[in-house]
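Trainee: Dock chain to chain to rebuild the complex, using the hints, since each chain is given by itself in its own frame.
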Amino acid sequence: MYRIVGKKEIAFNTTLFEVEAPEVARKALAGQFVVVRLDERGERIPLTIADFDRGKGTITMVVLSVGKTTKKLSRLREGDHILDVAGPLGNPAEMVENSLVVCIGGGLGIAPIYPIARELKARGNKVISIIGARSASLLFWEDRMREVSDELYVVTDDGSYGRKGFAVHQLLDLISSGMRIDRVIIIGSAIMMKVTSEATRPYGIKTIVSLNPIMVDGTGMCGSCRVTVGGKTRFACVDGPEFDGHEVDFDELLARLRMYSAEERLADELYMQGVGACQSCQKNL
Amino acid sequence: MREQPPAERVKNFDEVALGYSEEEAISEAKRCLHCDAPMCIEGCPVGIDIPAFVKKIAEGNFGEAIRIIKEKNNLPAICGRVCPQESQCEKKCILGMKWKPLAIGRLERFAADHEKDCVRPKVTPNGRKVAVVGSGPAGLTAAADLARMGYAVTIFEALHKPGGVLAYGIPEFRLPKAIVEKEVEYVKSLGVEIRLNHVVGKTITIDELFEAGYEAVFVGSGAGLPSFMHIPGENLNGVYSANEFLTRVNLMRAFRFPEYDTPIKRGRSVAVVGGGNVAMDAARTAKRLGAEHVYLIYRRGEEEMPARREEVEHAKEEGIEFKLLMNPTRIIGDEQRNVKAIECICMELGEPDETGRRAPVCKPGSETTLDVDTVIIAIGTSPNPLVVKTTPGLKTGKHGVIEVEPYTFKTSREGVFAGGDIVSGAATVISAMGQAKEAAKAIDEYIKNK
Chain C
1 MYRIVGKKEI
11 AFNTTLFEVE
21 APEVARKALA
31 GQFVVVRLDE
41 RGERIPLTIA
51 DFDRGKGTIT
61 MVVLSVGKTT
71 KKLSRLREGD
81 HILDVAGPLG
91 NPAEMVENSL
101 VVCIGGGLGI
111 APIYPIAREL
121 KARGNKVISI
131 IGARSASLLF
141 WEDRMREVSD
151 ELYVVTDDGS
161 YGRKGFAVHQ
171 LLDLISSGMR
181 IDRVIIIGSA
191 IMMKVTSEAT
201 RPYGIKTIVS
211 LNPIMVDGTG
221 MCGSCRVTVG
231 GKTRFACVDG
241 PEFDGHEVDF
251 DELLARLRMY
261 SAEERLADEL
271 YMQGVGACQS
281 CQKNL
Chain U
1 MREQPPAERV
11 KNFDEVALGY
21 SEEEAISEAK
31 RCLHCDAPMC
41 IEGCPVGIDI
51 PAFVKKIAEG
61 NFGEAIRIIK
71 EKNNLPAICG
81 RVCPQESQCE
91 KKCILGMKWK
101 PLAIGRLERF
111 AADHEKDCVR
121 PKVTPNGRKV
131 AVVGSGPAGL
141 TAAADLARMG
151 YAVTIFEALH
161 KPGGVLAYGI
171 PEFRLPKAIV
181 EKEVEYVKSL
191 GVEIRLNHVV
201 GKTITIDELF
211 EAGYEAVFVG
221 SGAGLPSFMH
231 IPGENLNGVY
241 SANEFLTRVN
251 LMRAFRFPEY
261 DTPIKRGRSV
271 AVVGGGNVAM
281 DAARTAKRLG
291 AEHVYLIYRR
301 GEEEMPARRE
311 EVEHAKEEGI
321 EFKLLMNPTR
331 IIGDEQRNVK
341 AIECICMELG
351 EPDETGRRAP
361 VCKPGSETTL
371 DVDTVIIAIG
381 TSPNPLVVKT
391 TPGLKTGKHG
401 VIEVEPYTFK
411 TSREGVFAGG
421 DIVSGAATVI
431 SAMGQAKEAA
441 KAIDEYIKNK
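Chains as they are written, first to last, in my numbering: chain C, 1 to 285; chain U, 1 to 450.
Here chain U stands alone, though its shape is the one from the complex (with noise of 0.2 Å):
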């Protein structure tokens, strides 16, 4: 797929990967073997029938491709940018034991953007009422699913844009938030109503949704409380965690301030700690800031590093420095608590801990420092426990998250649902979704017999 060449995108927001043409869309279409028993299928966590629309694209019908698509998935301009395709479909595609697997989640991205007339499904209103806590990935899904089985679905948004991590997390240059918009316009159109500016637990609780009508609730409200270190000179001026530093730049476009009223510091060195996703989004985004120079300190190697092999080698390619195996002791900062410095010291691995994962250990003495001006704390999120706090019988498990049963996915609470990071923690955008798709089957059961 052609992508931008790097030293011009890191001037620039705009979208990486520029996508498939028609031509080369049918040509990767059609090295499709289509296995009698397909494995992809397996691997998508929506179930999407791959085969079937990729025979689509080869055939040149496009409509017809997203039509299928879209029985499964209501977000698939999405889904085709961000799902981590490589453990997913692709994972399990034949064509990947000898050769390189077909390259589903571009041909899904290359059917959603080629859509001509909105494919949209038939819906017979059953004059019932479902309220969804969050417009994230998990609550456009669940809503979209339970619109479609004739419910009157109303979200309840805090922030003033829908979309949750895909408008304030997911940078502008991996997806771009004129896609995001238009789908939320087409989950809108299933006859969605997101009310926006409603902070639930504040503006209304769970309780009161119950009372207004709603009889069946569902929580998709995500992990978006970010995590710190702890470490010294964490508070001062020019340190700022990756949801604060995304949020500015993705949702309140700080990188046109002054033509955008919020503002974000440029920061001329910047260190992001961690090693996701949201620690490469947010060097990346450093870097089109006009950064010189984007350390991104982590403390294991790369091999260990959570975040996708495309985005990391996006990372590199774009000059982020990577310094592994260094963990931050302390910020250093100036007369005026502006940033100067951080302090990091050098890590080994040790053995496996009980996730498999080998554990860094620290090799005292071997402290070193780096002159930034700027840090990003990239560590991790939980769920923000709003909701839980003002929900009384709500019950939750470690860091927070809220309690379901297995493939249910109700929670302790009658009538209450949750799916997505609120209930597994930061994870990806696809496995939201997928909790959500079984979440609105279980709830249309629920409803129907009650």
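Only chain C is shown next, with the shape it has when bound in the complex (with noise of 0.2 Å):
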């Protein structure tokens, strides 16, 4: 059983956690991921480790209320249980030296990039990050971001904060300003991803994304999370989740993460109205 003992809501629908499992904290590094469940008839989930603290033996993840497993997350409280956290899982994010690096957090995405960049950071880099969301109201982490970041770029798809439009859009002026950009690293939905990836390609610039497809165990023993990268099988838990985003097919990803998706409704819709929820606004979540 791990307890949590910080939660606040950072955001719509996004709920910071800080959770007691000291030996995942212990061995956490920028990059890694937990796989946690919630209780005895729970699924297991992978949630990236946002932050982690080796002194107080806790983690902190971000997570968004999609559906039932993160919903039922959400109205834990502290001093609550989560029954199993696995971790860390995957590999750390790969760190470089003396390099000028562009950070992109799209939406969730900023939580755990935020870690990668602060580790660049420390480590001597020029970091100039971009931190995205649909809207004002699902941003989240501006302060902790421009502590970590030499620039900081804020852009809404509504253009309700900062610069309206996409991420990408920021990272193609950045890149027409002239500016000598030794690596980007995306994280965010599997579109955004794609679509950032895409623009970084005719310039050569190395292109690291961290990729969310399904996990069941995720520690190797299924392929549930198998991803194809430069035309090979690779399983996103173990190899990952970091690749080269110029070759990852985005295509396949995406079809793969829909693969639940009539399940995920039922199960949502199920959880909804067991505990007197609204379905579009998620009064009483």
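In case anyone wonders, no lab produced these hints; they're calculated from the structure.
Idealized CB from N, CA, C, for every residue including glycine.
One or more of the hints may lead you astray.
[Claimed, not checked] Not the full set, but computed from the structure, chain C residues with beta-carbon under 7 Å of chain U:
1) E23
2) R41
3) G42
4) A86
5) V216
6) T219
7) C222
8) G223
9) S224
10) E252
11) Y260
Mentor: As structure tokens, then:
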């Protein structure tokens, strides 16, 4: 059992959890994730480690309520327990020195890009960050990102805050301004990572993405999370989650992410009925 | 032994074989000839005194029977169910020369299921610590044996439930999870501690285990890495590794979705590729999830199938459609990238290869397609490289197995022993247990002579 020691709503439907998991905290590095199971009937879901405190023995996860499990999690309170937390899993983010790195976090991807930007900055790299979301209400950690970046750009799809548009627009502006970018790291939805990777391809800029396929065990024993990278099948949980964005078959990833959409909808609907919450406005959640 | 009738059992996940009644067990036990030099014991990888426990059953003294079994076997309710007895103890039974061999496995199962008060040996702690990686059959056996010798044993398990393949691989209808839980409780009652959610290589490394005061480490991390065929269409939606399919159903209980949260695709027409026990388990599971057609595609003939005869028979009774001497060439999808068919080529058997099995050869131009919406790949597994990758100096051989000395199961790293599938590649539950028993003896000797 893993105790929730901190909980905070940091954006619309977006909750930060600080969980006691000393053994995970002791080994965690930027870029890694955990697999959690809430209760005896629960499923296993992967969540990125957005921060860790080795002294306190805690890890931080940021969760967007999108379906049954994440909604159930968002109802847990400080002092409640999560049944299983396994990790840290996956490879740590690849680190570079003496480079200019553009770190892009889209939506919930702001949480996992944060520790990577922090570590890059601590190693003396020049870090330019772009964070974005559909709308201002979904943005978070602007201050934290600013602390670990030399420059920070904020974008929203609807223009409700910062620049109107997508992260890729800001990135293309930086490129065309003549900035010599050594590497771009993108974490966000699969479609956002696809579009943004495509933008850097003609310029030959090394582009790293952190993939988010469906996972079960997270230790390499099932292949649920397999992706095609450079024409080869790889398991994101053990070979990744970071891959070269120019080699990933994003259309395959996007299709695989939809594999259980009917089941996910059903589970969500039954859950919302069960807790008496309104499906569209999520009241009572 | 009584069984659920096929028409009924394909609609549930309950155990197929119902087990002996007391009368049936006694009457079967009385068939034992009590040979002067019993060969059956030799056939048992853990060396159970078979005639002795069978005699106790014949006398109606069931408590004594299970006590004798547990001298050698820590998990009898499991072994009695899943051992391939026909190629082990029962193969050597002298009765089998002329009649049917004694049903040793069924009697072992009977004794285990009828255990009234948990028989437990006296344990005197010796104050020394041993770590075990993995809680599958090998890890549980090594841990139980070492605990009985007095060691403080800690098992590190990556998943949220102990049992390894017993928990995630072998289906409920062959091995009820309640039985696995009961056997794991017995191992814990010997003083073994099991730490779940500990991925050795990630959460903690073997070097860190030594730093934490463990004097030896037994690696029983199994062969859990699924093999794929590397044919076009293998990443379409609806294609599963058998490991994923079975893990979802057995460990995550997806057959009870949405009561349980883990989903699974319930295919109408399912192709299972492979001819081993895992393929049979996957095919029979797919049938129970409601599939109208389950095709078992195997590149050799029925004779060559590595699965147990009993499982092949069960699969046939349940309506699994065997497509023998066929091999998939590609999986075909629709616009949404969902599986809609599998293309196979016919095979014929050529000359025997180095393993003695006749190698299948393609018959050009013989391609046919089967309409399916789900494909389950059950062509084997290899050792998961996580432990090896994070343990410097651990020597490995072909397909990533850990190399060990014969008899002692010592690895190239001082104080590290290994056994089960991580050493032999995917094999049986009982052979993993046999190796773990030997390794436990070697670990005891190693620590005493340190």
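Trainee: Are the hints correct? Go through all of them and say.
Mentor: Okay, the hints, checked on the actual structure:
1. E23: Because about 5 Å separates C/E23 from the closest Cβ in chain U, which is inside the 7 Å limit, the hint holds.
2. R41: 5 Å, holds
3. G42: Status holds, d = 5 Å.
4. A86: 4 Å, holds
5. V216: Since the shortest Cβ distance to chain U is 6 Å, the answer is holds.
6. T219: With a minimum Cβ separation of about 5 Å from chain U (threshold 7 Å), the hint on C/T219 holds.
7. C222: Status holds, d = 4 Å.
8. G223: Holds, because the Cβ-Cβ distance from C/G223 to chain U comes to roughly 4 Å (cut-off 7 Å).
9. S224: 5 Å, holds
10. E252: Status holds, d = 6 Å.
11. Y260: Given a least distance of 5 Å, the restraint on C/Y260 holds.
In this structure, every one of the numbered hints holds.
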